[in-house]
Amino acid sequence: MNTMNCEEARELLPAYGDGELDLPHALALEKHLDGCADCDAALRTQRALSQAVRKAPYHRAPDTLRARLRAQLPAEPIAEAATPPIAAPNAPAATLPVAQPRRRRDWSRWALPIAASLALAVGLNVMLATQRSQQSLRDELVAGHVRSLQVEHLSDVASSDQHTVKPWFNGKLDYAPPVRDLAQQDFPLLGGRLDYIAHRQVAALIYRHRKHFINLYIWPGQDGDAAPDHHGSEGYNLVHWRRDGMEYWAVSDLNGEELKQFAELQIEAATDKTANAPNT
Amino acid sequence: MASPHLDAAYNLARWLTRDPHDAEDVLQEAYLRAFRFFGGFRGGDGRAWLLAIVRNTFYTWAEQRGRHQSEVEYDDATAGLHAAEACADQGLHGTDPAQLLLRAADQQLIESALLKLPLEYREILVLRELEELSYKEIAEVVGVPLGTVMSRLSRARLQLRHQIEAMDQP
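Chains as they are written, first to last, in the working numbering: chain A, 23 to 302; chain B, 69 to 238.
Just so you know, the hints here were simulated from the structure itself, not pulled from any lab data.
C-beta atoms are modelled at their ideal positions from N, C-alpha and C, and glycine is treated no differently.
No farther apart than 30 Å at their CA atoms in a straight line, the calculated lysine-lysine pairs in the DSS-like style are these:
#1 A:Lys282 / A:Lys194
#2 B:Lys204 / B:Lys184
#3 B:Lys184 / A:Lys77
#4 A:Lys188 / A:Lys53
#5 A:Lys53 / B:Lys204
#6 B:Lys204 / A:Lys77
#7 B:Lys204 / A:Lys194
A few chain A positions that, by computed beta-carbon distances, are all more than 12 Å from chain B:
#8 Thr25
#9 His54
#10 Gly166
#11 His185
#12 Thr186
#13 Leu195
#14 Asp196
#15 Gln207
#16 Asp208
#17 His231
#18 Trp241
#19 Asp247
#20 Ala249
#21 Met268
Bound conformation, chain B alone (with noise of 0.2 Å):
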């Protein structure tokens, strides 16, 4: 097949799009771009090279037509502030593991609380998750630090945590 890691690429151009056709127009130009690219490989994860590729015509690409232009420029600042806030009261009213389990065997549900996150929330936890990147190939596909991994990996899952339970409110 064209790519070892074509399912990979294609995983992420979808849940980055939200659609397939999109997604498919993302992949095909980030191919593109790898061949055109390719002198700038310099080592690393073939994977993880190819997943910067796909992420950064998807954010090219989500530029030109418009789109997801809040979600793209959402700020890591503020969602500190929002996350912050939200950390306060993790230690004493956690949710209950099994209960999160539980709403969790709903597959719709996770889904589309992935899918409502920030593009930034939303990414991180497809690579964690999803590709089982490790903290390092997940700093290498969104170039920032590792730190930042972790912090935003963190925010990540408190908000998604947050929204399972707001969209299991009747």
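Excised from the complex, chain A in its bound form (with noise of 0.2 Å):
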């Protein structure tokens, strides 16, 4: 994979445009990329091409329809339909408007069980969707560490100091991981860097403990706060929680009892503000 040839490269190029490459592929690539002046033509072409798409109209549904859809819901809920599991934010009960005449169509009445069910699909969507892709995460974390460790790409930004690593992410995710250095209870903070899980950039932080390397995982999630879970995964410790809407997976070969001390002291770091203010 360390030379590429054109025609490989030309296979890859698609998926690469679409940010839908892995990420040892994308960077052998993105090598072949630096010394091959078609191929990198290749790919202008084909961003410039896929620009040219997106300025063809998007056709937002027009209001007459969206009206007639809402003033044709009936006007008494069906209990169990009008009142899912799960709501989602946008659920459409909540703005029904009660006294509209009804300006019957054979398909009008469907129009809230519908709505319901579609708001019940998106709701549903989540819940089945985190069960069913639990071990496929687990799966694509410990790859992610496997290879921050292979290909010597360890750290984006090598710092033990929080306050460098945590602002270099500043820009480079919609969102502001918690950098904390545990270096006084013997897991150093080694750097940050941007890794790819479950479709989104994440942040990824490094730290050390004794001869191991352990992977921390960090996006947002869900609200309310989960304890620390260990999972085991192909040889790997994994151990999950969620704090303040935040998602964190350490992943490590260490030993789950020490990596669930890690999580412990991440929780506490985090409850404890003033424990990893300088100069303390």
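Take each chain as given, in its own frame, and dock them per the hints.
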């Protein structure tokens, strides 16, 4: 994979341009693009074409259609359909115009159930997808961890100073991951980097404990805290927890006990915000 | 509103039918189906799920009307052959990206070039570039394997490029 020829590069270009290529291939391709003007031009052509298509009109649903759907919702919501177990934030049931005269079409009486099912679908979607993708998420996290060690691409910003690492993420992510050094507790911060997990860019912080590296992945998640929970995958240990709307996944070949201790130290540091203030 | 994905659903229907009234017809039918098929919902992306229904509804609708017949039966294999020929000169005479963008500045030209593409190419470009779906989501909507999504997308782009170039000739 170190020396990629043009044929291989052309095959990967579309996925690369669409941001669908995995990191190792993307890195190899970038190396090739640096030295190949032809392939680089092909990439620019593809990007130009993408931009061109994006100039085509996006047809939003006309107000008349929206209004008709809204007006034709039944006056009395169906009890169970109107209260899906998991309501999407923009669930339509709340904005029902109750006193609208009914101008019926045969499909109109389905409008609310449909609306409710779609709201339900969105909620279900989150729930089912979460369950099913847990294992693949864990695999992805482990793969990210292994990759970071293999390609000597452990960190993009190498610093043990949390005040250097934290600003580095500014503008690279749409959220600010909390960065804490735990050097005093024998888990020194080595740096940070961006990784790509579950179809999004995420922050990865790198810590060391003795000779073991720990990748700590952080991204915004659901509300509500979750206590550290230990998982194993492919001989690696993973500990997950959630705090203040952020999902945390620690991945390491460190034993489960110590990795959990690391999680608890992180939570402690988050609770006691002064713990890591400089000069203390 | 009735659905968080109504705009996406309408946009797809509009690009498939190429007509605002037909798009509304297809969309109403699609919403009926969405309700009926809801029991078959097995998780995944709610938007992709809805778009798949819109797409399937459209194909049934088009068949019933005997419209778009030639396009619906558009042969992927033939298209592949066609694209393969075109591929041969891609590396050597690739369009200058700047030139392409200049032409693309003409929004109408892009729109009519897209509308002239075979359905399969048009829909995949709309899903990718306008709806910004991932390959995986496109595979779900169109009901083909990931590899097919990638190859079809490449061919669609190539064909669109040729279309744009052809339309630019006086």
